[in-house]
Amino acid sequence: MNSVLFLIVIPLLGAFLALFGKKANRIVAILITAFTEIFSIMIYLSDKLPVSVAIGGWQAPYGINFVLTPLSVGFIVLINLAAIISLFIIRGEKEYQFYSTYLVLLAAANGIVLTGDIFNFYIFSELTTFAITALIAYPRNRRSTGAAIKYLILASTASSFLLIGIGVVYKTLGTLNIADIASKIDLLNPLTLELIIVLILTGIFVELELFPFNMWVPKAYFAGTASVNVMLHGMLGTAGAYIIARILLTMFAVNGSGMLVNANIANAIIVIAMLTIFVSEIAAFNEKKLKKVLAFSSMGQMGLIIFGFMIGNEQALTGAFYMVVANFLAKIILFVLTGEFIAMTGSDNWEDMKGIGRKHPVAGVSFVIGSLSLMGVPFFAGFWGKLAVIQGAMSGNSFMITGIVIILITAVVEGVYFLKISHTFFLKKEDEKEFNAKARIHSIVIAAALAVIVLAIGVHPGLIENNVNRATNEILNSTSNYVDVVFPGRY
Amino acid sequence: MKNDKSLLLNILAIAFLAVLAYFIYSVATSNDIGIKVTDNNVVENRVAYRYLNKNVLDENSKYEWGGKAEDSAANVVTSIVADYRLFDTSLEVIVLFITVMGFGLVIPKENIKIKESTELLYHWTPLLMTYMLLVGGYMFINGHISPGGGFPAGAIMSTAILVGVLAGKQTVSHTTLKKIEAIAGTLIFSIATLGFFLKGSFFINFLEGGNVGDLFSAGLIPILYTLVAFKVAAELSGIYFEFYEGGEEHDNV
Amino acid sequence: MTMSNIFLISSTSLIFIGLFGVLTRKNIVKILLSLNIIETGINLLLVAFGYKEGGKVPILTSSDSINHLGNMVDPVPQALVLTSIVIGLGTTAFALGLTIRYYKTHGTLNIEANDEEEVTAHE
Amino acid sequence: MMLLLATFLSFVMIATAIWVILTPSLLKAIIIFAIVSLVASVSFIFMQAPDVAITEASIGAGITTAIFILSYKRVSEKN
Amino acid sequence: MNIMLMLLVVPLITAFLTMAILKHQKTVWTIFLAVSGYLSYALFTMYGKWDLSWSIELGFKMFGKNVVLSLINSPLGWFFAFFASLTTLLIAMFSIAYNDEKHDSKTAPIWLLLIFSNIGIFFAKDWLMFFIMWEAMSTTAYFIIAHGKEISAKAAKFYLSISLIGTSTLLLGIILVSRLSQTFDIGVSIDSLVKLFSTNYSAALLYIGLFITTFLIKSAIFPFYMWPSKAYAESPDDFTPFLSTVMSKYGVYGLILFILPILAKSDLPMFGKISQPAYMLAVLGAITSVLATILAIFQTDMKKLFAYSSVANVGYIVMGLATMSVVGIQGALFHSVNHMIFKTAIFLSLAAVIYRTGERDMHKLGGLVYKMPLTFLVYLLAIISAAGIPPLSGFTSKWLIVQALMAQKMLFVVVAMIFASTGAFMYLLRCLASVFLGQLPDKYKDIKEAPLLMAIPMTILMLLTLAIGVIPGIITKPIDAVLTGMGYNVEPSSWTTVHTALAKSDLNLTYLFYVFMVACVISLIMYLISGKQEKIDQIDNYTAGENPLEWDTTPDRFNFAYGFYQPFKQMFNPMLDLISFERWMSSFGRIVERASSALSLLYTRSEGAILMLYIGIAILIIGGMM
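Residue numbers (numbering that gives the first Met the number 0), protein chains in the order written: chain A, 0 to 490; chain B, 0 to 252; chain C, 0 to 122; chain D, 0 to 78; chain E, 0 to 625.
The hints are simulated quantities; they were obtained by calculation from the structure and are not laboratory data. Certain hints may be false.
[Said to hold, decoys possible] Listed next, the in silico SDA-like pairs over lysine to any residue satisfying Cα-Cα at most 20 Å (straight line):
id, chain 1, residue 1, chain 2, residue 2
1, A, K47, A, P69
2, C, K55, B, E63
3, B, K61, C, D63
4, A, K288, E, S596
Everything numeric in this text was worked out from a predicted model, so none of it was measured.
Using the sequences provided together with the hints, build the complete structure.
As structure tokens, then:
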């Protein structure tokens, strides 16, 4: 299983070689990503999981290790899928820096999920920050430069908190290995533990797009091109969902319950998740820029997923994982199509996109399917996740009921704006002018194929049930499962 | 109005810092049981203990000055950076790579004339550069036995180039630097991959190390540090060139 | 008052000063300087975490030093700080590149300039 | 004696850091920041971390300052 | 293949099929007609087979077992589904003719999806199926109402927001109830709620309150009475009858399916002769019908007018249900069917008028009786039925409801019912007088009678309302099955006589028909022997035969239909201003919009990013220390 490092090394080698490649860069990038995707699927289907891989021959906790569990490899598969889609929808990016940065991002996103060492995690998260900043800044116009520098400043400030947290962890526990920390977390003084949790959470919440930490999100999505949006959502966002599962529900979890060790902080996170859902859906309601609408909705979905994770019972966790998959698929459909629509009309405003659905009915219907899935309408993948999360939250305290009410209220708002936008595509075009550019068939095919998957999962959730249950069971006993992989026999 | 706003911001900042300070204070003075932020875990339980004793692989092994060890670098920090946690270091190289590349991507390309340097600087520059390059070279070669290592060495070497740039000397071309950068980076990761094919593990120190304290010891560490130094030097020097270099702008606006 | 306490306090103060600067300064270069101050503070803090009173440099210089391994300061934070310094340099370099571009597109270094209005004065 | 020196260094660091934040001149701030970095690298030697001290001096004080000044020239030349 | 499954699969598959051949509109609508025909036939054969069912297990666990979606053929579901599909069949025939080049709305595939969910709602055995179909119905209806027109999209947005509130409360209710009974089965959940009523009254009230809210929203009962006037008016003209007659019954169906059994079986505090929650429902129904009647009177747009009329009629149905008596429920079910028939007839005849003239404002029309006599006749009989005048069908059901209300001594409600019925004359007459009677405007000199394919369904509806009026047994026989299925003991009803609640008030409608026939013959004779009419130009009516050009008058300005009930309007305006729920709703919408703009401004400026980061950290710190 040591060969799993190829998921990191091959893209990085590709990143260096991209300095010399000129026109071949895109093809090389696609080949590398296809390799990582196929490789990760092979790992997921092999029966060797879960396993811990020591790098450089030094065993954990002394060396750095990678931990491969069904959960992490499942996320890797999703991340690489998003990566390959983002490459297919590239429109006009030619310079080698783009591909080089992209390959680094791919390696870093894979690394974030696989790593079993908290400092290594910090480096990988810094790498994603830099890579995504470079990708956002790539168009180098006013909008993208402003978005990039603001994101960079915010992310650096936040990651310095993460670094302090890691320092405190090392000072108190004398180790940097996640499994080691998880098994020793009970030794800590409660207040010290709280300090550590606050510091580390600050670092990761910026990438998780949670409310008071997420001022960068709409700007970044708005400034990025369509393929960068898919990367931001599909790679960074998916990795973010994994981080929550790993850091909060494994490293800082009560052994065997899937709950955060500090109930007060768990409540504070739930408050933050609820704020995120509320603020983002309300903010999206009157927004005219389509990409920003999707960015807000991304934040809202992330809030919902974290709400599900923090409830922590089996039902809610299942729901959260369904939601991860559904959100992943549906939002990629929307981003891919949004890129096409913006290129066709030359406008960011969804009110100017009349008549697209009449010209390209498949694209229009796919957009509708994506938005219905995000709304959580039955027959679409998002419904089962939402149902299970709400059902799970019911068993919580009155606090959770507030969350449910917020989810239901925002569902109304979300439904209104999504269907309003979807319907705009089917309006008659006022002027008879041709569209600026033609829609590219392969983008529409990608969107339609994903839409079919969303529909299939929605009609028959059993399709992904085994995978979701595998993940849920892992998280329910996360600490002992995880520590057992790295240090057999410690629990 | 504007002053009011910034005053409010200052007050908010101080309020936040006060909350944070109070929190840290209460954590530091907490009387509960358990390991506090002011304590350290028992020394033997810390990973550093095994690093210092160089017995990560075999708990009972001991080593002698001038003898063999699992990692024969005399500088323990180096042995951590370039052996036990080599993966981190190679990623750090990537961090520098991507940020410098991002820098080259975003910086506006304008031809800027460097002011004529003074006679003194112009003539003494080669001497200065040679001296700095020598210091840098010493550092990455001796990184495993004395303080220093690839990163500061690379930084110092790049300062030499900077001096050259400021003095208006043509030293190396930008494309050469890019080639050095890419070749060094590729080599680092090729060596890492070579470890997989030779010993079955990536980033493994597969060269038989010498004795602790020798110049030719610590296996791959000097080689890696050399590569790192060249890569860092090339990247950082690239930054200085970018500041003054014109060129075409690909505008994708 | 011990040495490590002095450095713990001074490094925490540096972090606080940097945090204050990041929030209240409007000039991007100033914000980056504040970020660098935070970085410096963190590096000091981490090294101070590893420091112990009367500790020795974790470099073996002679056969004698092997007998005093227990007396050496913790090398791991130092290794981490080496990494974090380089990351800090990367952040600064990249952010300065962006700042120069920002100055070109916005005509100002003020962080509050509006990004989404179309370009007026410059370009 | 060492303790006193360390205290003095800390004071210098804190005072110069505050100065960096408060001074209205950018160039001054950059130069003073170099002092902060240098003093920090001396502090690393106090804490028995020569590796870090060298790196901080060459990268933190040297190259960072250089890049800052070069950038400062780029952003101030038009004014 | 299971016939229950076929009911779902056929519309679903044809929906996707028609999507592929959307360009050939006539073919698409013919397929639509065929599907409705098949559904009506299949449902007809299903009558009496109350053991038909179908279920599927999903790979999704809840309460520790796999979720099962199931359908069952219940008398109640069959009753609504059958008459709904019959209505659809007639509308479908109309639609083939209506959807020509000019009026093409391209909604057939979505409508088929709507019919699919329609069947699902009426035959759902468990709450999950019910909810899935309910939500599918809400969203598909949005796309039909909006049908690619900007102005319709605005109205549809209003419908959508209210309807999504409804689905949200339904989801919450379903989750609460299913947790209570640990299963999604509807029958089990009724029992567990009855049990809850005996232990925790207020919780149980909250639970059914959530369901009632949903049902009231869908049926547009009092606090939510305003969405139909917008949605009905802007929806495609051939879809409006479906919206008004079938979709307003979902709420009614839900009330009968779930709320009535609970209220009947639980031991609740009484108010007079019936329980408090039921009385509350009756009062809501009463307020709805009075308010909607008043509002209907003042509309100038004929589709809006009949939208309010629909609301008022559903109000009667709810009043009937709230009596909780056999006669009341019988009346309510009867009136549901009647409403389907006469309101479809009205909307179809109006659609025919709009098809020919393209005009919805009543005061711009007039005198169409000369050009479209058949449409006029259909409309006339339909409004006679709607007004509840014997011998047409509307009378019977209203009679039953009034009887039931009287028997339960719900005096206030009876007064409201009678007031609303009287008011109904006013608005029905207004539309009749403005659209069909009076002077024919010049620009409509050349219009023709509705095409044959439109005329056929309208004629069938006209005959149906007459037939049911004379032989009520057509409807009361299935109602017997429904009531038996609900657990009431009922005697089999006769074909011609209706048995009512009060003593000595049974009516044989066939005799009544004879009496009215005699009266009609007499009035015909009187008409024939009376004096001759004289026709004058409209403008002469007002200018006494002169036509001075400098007055600059057009015939339209003097149209009597414009301020038809001006004095009444002045009378009621203060009251309507006071209870304008609509204004409250839209001000709420504006608040959300404003909040949205403010929040997105925060994100646009993003200068507070670091500040927000610190606030977030403070939340974590303070939350953790508490």
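Going down the list of hints, with the structure as the test:
| no. | hint | result |
| --- | --- | --- |
| 1 | A:K47 / A:P69 | holds, 10 Å |
| 2 | C:K55 / B:E63 | holds, 18 Å |
| 3 | B:K61 / C:D63 | holds, 14 Å |
| 4 | A:K288 / E:S596 | holds, 12 Å |
No hint from the list above goes unmet by this structure.
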